[in-house]
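Quick note, the sequences are listed as chains A and B, same order. Taking my numbering, the leading residue of the first sequence gets 8, the next gets one more, and so forth. Taking my numbering, the leading residue of the second sequence gets 21, the next gets one more, and so forth.
FYI, nobody ran anything at the bench for these hints, they're computed from the structure. In this text, all values refer to a predicted model and were calculated from it rather than measured experimentally. Mixed in with the good hints there might be a few duds.
Simulated crosslink set (DSBU-like; lysine-lysine; CA at most 35 Å straight-line) [claimed, not checked]:
(1) A/Lys-78 x B/Lys-234
(2) B/Lys-128 x A/Lys-133
(3) A/Lys-152 x B/Lys-177
(4) A/Lys-152 x B/Lys-121
(5) B/Lys-300 x B/Lys-186
(6) A/Lys-99 x B/Lys-307
(7) A/Lys-129 x B/Lys-128
(8) B/Lys-232 x A/Lys-152
(9) A/Lys-133 x B/Lys-99
(10) B/Lys-159 x A/Lys-152
(11) B/Lys-128 x A/Lys-152
(12) A/Lys-78 x A/Lys-129
(13) A/Lys-133 x B/Lys-245
(14) A/Lys-78 x B/Lys-307
(15) A/Lys-99 x A/Lys-152
(16) B/Lys-121 x A/Lys-133
(17) B/Lys-127 x A/Lys-127
(18) A/Lys-78 x B/Lys-269
(19) A/Lys-127 x B/Lys-128
(20) A/Lys-78 x B/Lys-186
(21) A/Lys-99 x B/Lys-262
(22) B/Lys-157 x A/Lys-133
(23) A/Lys-114 x B/Lys-247
(24) A/Lys-127 x B/Lys-157
(25) A/Lys-133 x B/Lys-307
(26) A/Lys-127 x B/Lys-159
(27) A/Lys-114 x B/Lys-245
(28) A/Lys-152 x B/Lys-247
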Amino acid sequence: MSRRALSTLYSGGRRVLHSSMSWRKIGQFQSARCYADNFDEEVEELRVQQIADQEIPPPADDTVHEVLNIKAFGYDCTLVEHFAQYTHNLSKNMSLSVFDSYALPAKATLVHAIQGTGLKEKDRIKDYTLTTYQRVIQIQDLPSKRASLLLDLLQLNLPEGVSFTITLHTQEHYKERFIRKEIPDSLL
Amino acid sequence: MAAHYRFPYLRILALTQSAYKMKGSLCFKNNLVFPKHQICRFCSSSDTETRPWQLMSGVCVERYPVISQTHNSIEEEFKEMCNMVEFESSVLSDHEIQVRKDRDRMKKRKEGELEEEAGDDGEVMTALDLEDIALEKLKQFQAAPRETSADQENDTKSINRKLADKLVLLVKEKIGDKTLWILPQGYRDTGESMREAAERVLNACTIENRMKVKFVGNAPVGVYKYKYPEDIQHKIGAQGAKIFFFKAKLMQGDFMQRPDVGISEYKWVTREELDSHLIKGYSDTIKSFILPVSL
Chain A
8 MSRRALSTLY SGGRRVLHSS MSWRKIGQFQ SARCYADNFD EEVEELRVQQ IADQEIPPPA
68 DDTVHEVLNI KAFGYDCTLV EHFAQYTHNL SKNMSLSVFD SYALPAKATL VHAIQGTGLK
128 EKDRIKDYTL TTYQRVIQIQ DLPSKRASLL LDLLQLNLPE GVSFTITLHT QEHYKERFIR
188 KEIPDSLL
Chain B
21 MAAHYRFPYL RILALTQSAY KMKGSLCFKN NLVFPKHQIC RFCSSSDTET RPWQLMSGVC
81 VERYPVISQT HNSIEEEFKE MCNMVEFESS VLSDHEIQVR KDRDRMKKRK EGELEEEAGD
141 DGEVMTALDL EDIALEKLKQ FQAAPRETSA DQENDTKSIN RKLADKLVLL VKEKIGDKTL
201 WILPQGYRDT GESMREAAER VLNACTIENR MKVKFVGNAP VGVYKYKYPE DIQHKIGAQG
261 AKIFFFKAKL MQGDFMQRPD VGISEYKWVT REELDSHLIK GYSDTIKSFI LPVSL
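All chains, full assembly: derive it from the sequences and hints.
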């Protein structure tokens with residue numbers, strides 16, 4: 008084995024470059040075993056179930072966009088769902104390929120007003136929960152010539168109480184759909 | 021060699037091939053006579069056919085509708101029917117269940133069946149009380165009027181007019197010897213892409229940071245060809261201008277015209293009012309890419 012190879016072995020995979028390296032000097036430096044920098048993070052990652060990356064198809068050529076996420080959200084579930092159905096049908100009629108369409112879990116927001124304790128029960132502002140519903144339609148290979156038309160139609164036909172955003176699809180978008188599952192220590 | 025071919029380019033091809041066959045020198049000129057009309061097909065000798073077109077970028081700034089359109093009678097009836105169907109086939113909400121429970125409890129307490137619970141001093145809020153309070157608050161809420169003051173005065177420069185419709189920015193500019201209403205436009209500088217030219221044109225028209233606009237896409241949405249009259253063609257050296265339009269959405273702010281630019285006036289108009297301001301061909305081109313709010 009070459010001296011260089013042995014030095015990497017002793018340094019636990021990380022090569023420390025010094026101008027004059029001798030056999031004994033290496034032994035002196037690397038007496039304690041040294042792991043990678045992100046050892047703790049890697050151990051933490053093992054505790055949670057790892058999800059494989061999604062295969063996001065790249066755009067077909069230069070004139071089309073990548074996979075786009077149209078997320079419709081609002082407080083009224085019927086409106087949001089109907090708008091999501093509308094975008095799906097619109098994309099089909101414009102002969103765009105819909106990659107996937109799914110719902111994200113509803114987010115409940117608690118609205119709590121901080122008030123003094125002196126108020127009577129009748130005069131207090133009550134807490135209430137607002138649930139935000141979300142639907143996502145993913146469009147693949149949207150030609151850039153039709154992009155402005157699609158955006159225009161979606162904006163003009165937005166019902167009151169519904170908003171939508173268009174973003175590029177990333178691995179984070181894919182992974183946030185999954186519930187974080189802890190692996191118990193006995194199995195690790 | 022100088023055979024009569026139907027297509028002149030084939031003749032050239034044959035001639036050049038034959039020329040290359042000769043040893044070394046490409047002296048095919050001596051053997052050939054090119055009649056003038058055949059040269060014109062493939063050499064740029066004529067003036068009027070090959071003058072370039074100047075490129076311009078136009079910007080269509082749109083203020084999208086702020087409120088939804090008013091329903092007509094059929095839509096109203098259908099909406100009522102849908103709401104009724106939705107209501108009838110829906111499940112009881114938490115609030116309604118609570119109201120029913122409270123009602124039963126009140127009834128039992130009156131009939132003396134339910135014992136008084138400790139700490140029950142009659143000040144407990146029932147769900148019905150909550151509902152009454154909420155309804156009272158709703159009565160105090162005043163929605164903003166659908167027809168603003170700009171509507172009543174018919175102020176075409178205002179951005180608050182016709183909240184249910186799309187408004188498009190038109191400017192009055194001097195073109196040649198006429199002043200016309202057009203979309204803001206400008207020539208493309210060398211080295212710019214068409215979209216960069218459009219952004220520059222818009223920034224040149226307005227005072228900085230007054231109007232926040234978002235351009236939609238890199239592809240132009242429409243094109244208008246304008247051929248110059250003969251004397252201007254000779255003067256400028258171009259056959260005409262091709263105007264490529266880009267769409268932009270008004271995010272916030274208002275148009276504030278710069279005093280030094282050649283714009284004498286500006287207006288925000290709806291799609292229906294475009295015809296009365298623009299010349300016919302231009303108006304048709306523009307209408308093709310401005311989508312109406314209600315079809």
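Hints, verified against the model:
1. With a C-alpha separation of about 20 Å, the suggested pairing of A/Lys-78 with B/Lys-234 holds against the 35 Å cut-off.
2. Distance restraint check for B/Lys-128 and A/Lys-133: the Cα-Cα separation of roughly 27 Å lies within the 35 Å cut-off, and the hinted pair is therefore satisfied.
3. Note on A/Lys-152 and B/Lys-177: the hinted pairing holds, with a Cα-Cα distance of about 32 Å set against a maximum of 35 Å.
4. Simply put, A/Lys-152 and B/Lys-121 have alpha-carbon atoms about 59 Å apart, too far for the 35 Å limit, and the pair is violated.
5. A distance of roughly 20 Å separates the Cα atoms of B/Lys-300 and B/Lys-186; the hinted pair therefore holds under the 35 Å criterion.
6. This hinted pair checks out: A/Lys-99 and B/Lys-307 have alpha carbons roughly 25 Å apart, not beyond 35 Å.
7. Between A/Lys-129 and B/Lys-128, the direct Cα distance comes to roughly 23 Å. Compliance with the 35 Å bound is thereby established for this hinted pair.
8. Of the pairs offered as hints, the one joining B/Lys-232 and A/Lys-152 holds, with about 24 Å between alpha carbons and a cut-off of 35 Å not exceeded.
9. Between A/Lys-133 and B/Lys-99 the CA atoms are separated by roughly 32 Å; this keeps the pair inside 35 Å, and the hint holds.
10. Distance restraint check for B/Lys-159 and A/Lys-152: the Cα-Cα separation of roughly 48 Å exceeds the 35 Å cut-off, and the hinted pair is therefore not satisfied.
11. Our distance criterion of 35 Å between C-alpha atoms is broken by B/Lys-128 and A/Lys-152, whose separation comes to about 69 Å.
12. Among the hinted pairs, A/Lys-78 with A/Lys-129 is inconsistent with the structure: their alpha-carbon atoms are about 40 Å apart, more than 35 Å.
13. At most 35 Å may separate the alpha-carbon atoms for a hinted pair to count; A/Lys-133 and B/Lys-245 exceed this at roughly 64 Å.
14. Proximity of A/Lys-78 to B/Lys-307 is assessed by CA-CA distance (about 30 Å); at most 35 Å being required, the pair is judged to hold.
15. Between A/Lys-99 and A/Lys-152 the CA atoms are separated by roughly 16 Å; this keeps the pair inside 35 Å, and the hint holds.
16. With a C-alpha separation of about 19 Å, the suggested pair B/Lys-121 and A/Lys-133 falls inside the 35 Å cut-off, and the hint holds.
17. Restraint check: the Cα-Cα separation between B/Lys-127 and A/Lys-127 comes to about 25 Å, which is no more than 35 Å; the hinted pair holds.
18. Between A/Lys-78 and B/Lys-269 the CA atoms are separated by roughly 20 Å; this keeps the pair inside 35 Å, and the hint holds.
19. Of the pairs offered as hints, the one joining A/Lys-127 and B/Lys-128 holds, with about 26 Å between alpha carbons and a cut-off of 35 Å not exceeded.
20. Restraint check for A/Lys-78 and B/Lys-186: satisfied, since their Cα atoms lie roughly 24 Å apart, inside the 35 Å limit.
21. Annotation: proposed proximity of A/Lys-99 to B/Lys-262 holds, straight-line Cα distance about 34 Å (limit 35 Å).
22. Distance hint between B/Lys-157 and A/Lys-133 is fulfilled; the C-alpha atoms sit about 13 Å from each other, no more than 35 Å.
23. Taking the CA atoms of A/Lys-114 and B/Lys-247, the gap is about 58 Å. The hint is violated against a cut of 35 Å.
24. A distance of roughly 18 Å separates the Cα atoms of A/Lys-127 and B/Lys-157; the hinted pair therefore holds under the 35 Å criterion.
25. The suggested pairing of A/Lys-133 with B/Lys-307 is violated, with an alpha-carbon distance near 51 Å, which exceeds 35 Å.
26. The straight-line distance between the Cα atoms of A/Lys-127 and B/Lys-159 is roughly 23 Å, inside the 35 Å bound, and the hint therefore holds.
27. Only pairs whose Cα atoms come within 35 Å are accepted, and A/Lys-114 paired with B/Lys-245 is rejected, the gap being roughly 52 Å.
28. For the suggested pair A/Lys-152 and B/Lys-247, the alpha carbons sit about 26 Å apart, so the restraint of at most 35 Å is met.
Checked against the numbered hints listed earlier, the structure breaks hints 4, 10, 11, 12, 13, 23, 25 and 27; every other hint is satisfied.
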